[in-house]
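For this one, chain B is given, so just place chains S, U and H on it according to the hints.
Protein chains in written order, with the working numbering: chain B, 994 to 1324; chain S, 994 to 1324; chain U, 994 to 1324; chain H, 994 to 1324.
Do not rely on the hints blindly, as some may be mistaken.
In this list, chains with the same sequence are indistinguishable; a pair is considered to hold if it fits within one copy or across any two.
To be verified - Below 25 Å or equal to it, Euclidean Cα-Cα: the simulated SDA-like pairs (lysine to any residue) are:
(1) Lys-1032 x Trp-1013
(2) Lys-1179 x Asp-1095
(3) Lys-1032 x Glu-1044
(4) Lys-1179 x Asp-1051
Calculated directly from the structure, the hints in this document are not laboratory data.
There are 4 protein chains.
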Amino acid sequence: MTQAPTEDDVLAYFDTLSNWGRWGDDDELGTLNLITPAKRIAAAELVRVGESVSCAWDIGGPGAFSAPGVQRMMLATGELSMSEFRSQVAQAGIDPNRLAPDRRDDDRSSGAGDFLGVAYHGYTVTHIDALSHVFWDGRMYGGRPSSLVTTSFGATKQGIETLFGGIVTRGVLLDLARLRGEDWLKPGESVSPDDLEACEAQHGVHVDEGDVLLLRTGYARKVREHGRDDVARVGRAGWPAACLPWFHARGVAAIGCDTAQDAMPSSYEHVRSPIHSVRIVAMGLWLIDNCDLEALSQTCDRLGRWDFLFTLAPLRWVGATGSPANPLATF
Amino acid sequence: MTQAPTEDDVLAYFDTLSNWGRWGDDDELGTLNLITPAKRIAAAELVRVGESVSCAWDIGGPGAFSAPGVQRMMLATGELSMSEFRSQVAQAGIDPNRLAPDRRDDDRSSGAGDFLGVAYHGYTVTHIDALSHVFWDGRMYGGRPSSLVTTSFGATKQGIETLFGGIVTRGVLLDLARLRGEDWLKPGESVSPDDLEACEAQHGVHVDEGDVLLLRTGYARKVREHGRDDVARVGRAGWPAACLPWFHARGVAAIGCDTAQDAMPSSYEHVRSPIHSVRIVAMGLWLIDNCDLEALSQTCDRLGRWDFLFTLAPLRWVGATGSPANPLATF
Amino acid sequence: MTQAPTEDDVLAYFDTLSNWGRWGDDDELGTLNLITPAKRIAAAELVRVGESVSCAWDIGGPGAFSAPGVQRMMLATGELSMSEFRSQVAQAGIDPNRLAPDRRDDDRSSGAGDFLGVAYHGYTVTHIDALSHVFWDGRMYGGRPSSLVTTSFGATKQGIETLFGGIVTRGVLLDLARLRGEDWLKPGESVSPDDLEACEAQHGVHVDEGDVLLLRTGYARKVREHGRDDVARVGRAGWPAACLPWFHARGVAAIGCDTAQDAMPSSYEHVRSPIHSVRIVAMGLWLIDNCDLEALSQTCDRLGRWDFLFTLAPLRWVGATGSPANPLATF
Amino acid sequence: MTQAPTEDDVLAYFDTLSNWGRWGDDDELGTLNLITPAKRIAAAELVRVGESVSCAWDIGGPGAFSAPGVQRMMLATGELSMSEFRSQVAQAGIDPNRLAPDRRDDDRSSGAGDFLGVAYHGYTVTHIDALSHVFWDGRMYGGRPSSLVTTSFGATKQGIETLFGGIVTRGVLLDLARLRGEDWLKPGESVSPDDLEACEAQHGVHVDEGDVLLLRTGYARKVREHGRDDVARVGRAGWPAACLPWFHARGVAAIGCDTAQDAMPSSYEHVRSPIHSVRIVAMGLWLIDNCDLEALSQTCDRLGRWDFLFTLAPLRWVGATGSPANPLATF
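Same shape as in the complex, but just chain B (with noise of 0.2 Å):
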């Protein structure tokens, strides 16, 4: 059985899984480079169903303010009509034309339409995070400098502009509650290689190179039902440190979880985060943070595949260090 690692073993990750260099000193990619136009097309052969799946929550709520950081705030509606509109600013002599110009008093036609803003790193929206996200002694990976990431200008390096061709390619859920036959994992429960390989058993499927790993632990299920864990307080179901030489093994693209990765507390006292830290600075692994994989777990379990065909293209913002996103699972 896998032995957890120390705390010197994953210190040591940052060298022995290091992807620094492995595709050019200007590599902005990571991972993703282990995607082949090969990969893609036999990804694209997984869609035998006809049928696509969405592996993201919904953001926000009918109120503007919704959850923290997350804004929708409407800048027109259809509540009047231009012409009622007009009407009623003329009778209050104000000219409409000032407002509105190149309409008309009789106009039949209107419209909608609103801002969204969001603060998407936290615990509720699903969103990718650039390699421009997490820094490990002031590095990023690469070994560029952190200071690259400016308030002033954004990420100048890694942002999240550099994905803008997307990811498209084969998707693996593995179902870690299933397999343990639980509606959801605990908080801090973690989820070791020999699980996973278990979970493959189990499904009959294998993580290959260029693949995306998703891991359902449930907590979709569990906030639906429960609402949201105090996180900080009891912790959360993850990946521990265990599984990062793993996934390098592996040669996964990108992993996706239901909760935001990292299994906590951390056992560690230095390393807090092992999974960001160690995925995302040394090996330029991308994440996928808080899916919502109910659906694709109820559907993978009705078609007894798991695995299918995986497309997220991110916002093309420059200088973000990630994206809200809504990735796709096509069968």
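Okay, now just chains S, U and H, sitting in the frame of chain B:
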């Protein structure tokens, strides 16, 4: 040759091209109902080269407010390491644990994050319109009252979250600028059904039911070389009303363009934006505005193919009237 | 003793206490018309000690999203000097002049800036309501239709910018918590005209025409010691409807409170917030919500004086329905 | 006649004009310490006419994004009454109590609200700079390291909340445009100490210790008549470095201007903004940028008086590097 429809013809389209009720009274998906499982499977079979191309513009730039209504503000950066930060504030008499609890003075990890905000409707951001974006006579697609889109709660029906499963289907690019041998179409220039069919013939492609149809006018190239047009003054290349019956007959599921769709100025006194109005309100036909189709055009030309797997997954933002997006074409 | 008005009495106040038309049909200032030049001169004469006290809470806290709808995001900081920044990005192969043109590699100056955003109506931010904030039967103060406050253009009448000249007048603090010998009034506890007059007698002060009247319930102290109440569940101390005729008779120009004004729950089935509704809509009486009156109370007690020069200058934000504010009392 | 200081002279000002330590090592108020209680009392005695004049511009305009970094987005409006809203959504099969709990179908009250956001430093918004806004050699006023102003926590020292008690003192307007008989000073035109004293003589006023000094160049009038200058190209009227010793000698407490202060271009190679740098960093002298002094100028001229009670109360925003403001002059 196709005759341009009169304004009465266009007004009649609201009835003759209507899809209200076609997929049931509760329908919120409109023409996306035309994408069948078989269509998705066939679309995936178009992936034979293993290459993905983004159809989106970058959003914003290095500055926090780099375009109107586009914000990227940093919440944490890599400029100062956690240990430097803790040392600095401690020297100034501030308890670092009040600001950053649970972090250590010798912390070797740190991270960056940001807030992203955007008023995505408009002329710079690639986005998809929800069916709650446009109204006619106070009604939206399906006959629902426009007043269901409210200031306080957003689109209480037909918000973009109805499209949670995204769009996965065949895409076809009709490269009108290339057909005409121009770098880009002139402002106001429009595209008749005859042009579309000539373009199909030249490309050797046929637009079928359930396809996403992309129109390249070359405007993205013009923007890159000359900056944006003052659309209100000079107009815009795009679709004329004459194409509406053609979309309906072909069963197009969604339409993308490198402009904001409607050829402008409209030749009609009362129907300013026949494409937006008839397509969204009457037909429930989804629009993808402000694409950048330059890379796609070059790829199609290089591969000698004008169809591909098209994927677009909007942010699942509750009550929003659309979503910024990064549509992908995979060959 | 004053009898609590029935619901019919309160509904009648919309007529009997109405100031519609009192200062002309175009009036947008309501009871602030009661502040005459002579009143301002007399108010300034109250400055005999030379001491100013803020009546506002701090807004937000050190974090970017420190309260719902309250944001402070940094646009530039002092973490990295300009010369360090330029050196770093240059080493990474980025031209610093592309990001920060017109700056020098040996620049010794730098600066910090931020974006401030707030949904100021609500329970935490000290603010003044414009007369466009509250409606009754679809009308606002003066009888204008509420539909003049629109999603696209804000308050096209009675926006806060109408108060560009601010409020400069005599202020009076009635310290009801002190009168009752309590640290703070209980949730739901209300304040009758008899109480107000008893408080005047105890303080040796008289509320006159054109005054700003501040009511201390002690809630700010309670918040500091125990956190905020769940107002929807336990209610709120404040004004009952019975005070409305008293405000009218005294000619109060504006009213501030350390809660959000209305004693809650209201005892009326149909008039949820008689104070907000009658005061703003019928009387055009301005409200200042969520004050922190603790320091003011201590200063008044120390100086043995309960009146002072009151100044409040709202941000001149076009079309806003109010403004966050920092009201000052100067002795 | 005053000689323009050399660059070495200006660099020497960082020492010779320094107020570091003058009011103790913990001081965060700088020159505002010069405003004594006696000064406030005397200032209030200037209120002899009872008239208040705003020194601020309107912020924004009717649209949601009416200037770069300036937002007013509506959260609720008066377009639809609560009863109309409830009826509409109920007919669409949505439970109105899910969206708007505790409201009634026959509700007669409704309200409007908004979100206000602003990046107030810049060229359009009237604002006051906190002493954390500008650095020199990585230091801010008092010698504290600039790195105390951080991305994650804002200005952890010398944030604008340190000025919670506001500014209440004597204000003096020096109307240089009027002195020179011009509608406005030309871009780049600067103002020597001799000019200031000539202006004092013409106005019959003397700038004393603890005063707020306002300089009118007439730029606000120019903006109204001709739009804003392209400052980077044509420069800006304002203070030259030569005025710095004069401010120090007179003991000015704060300075306002209808431009962004520094005459530009600076004649110095290494000191781009001597006024901002020396005044804020060395002297701890507070700046109020982008005032609109047109109404004030007319009032002073009409009354034949150039001094008045000056009040400014910044928003108490924790960690902000300044605040938008509406300064008032009361006569």
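To see whether the hints hold, each was checked on the structure:
For the identical chains of this complex, Lys-1032 and Trp-1013 are intra-copy neighbours only, at 23 Å inside a copy versus 42 Å across copies, given an alpha-carbon limit of 25 Å. Taking the closest pair of Cα atoms, Lys-1179 and Asp-1095 come within 25 Å of each other only across two copies (22 Å); inside a single copy the shortest separation is 60 Å, beyond that limit. For the homomeric pair Lys-1032 and Glu-1044, the shortest alpha-carbon distances inside one copy (20 Å) and between copies (10 Å) are both at most 25 Å. Within a single copy, Lys-1179 and Asp-1051 get their C-alpha atoms as close as 24 Å, which meets the 25 Å cut-off; across copies the closest is 40 Å, which misses it.
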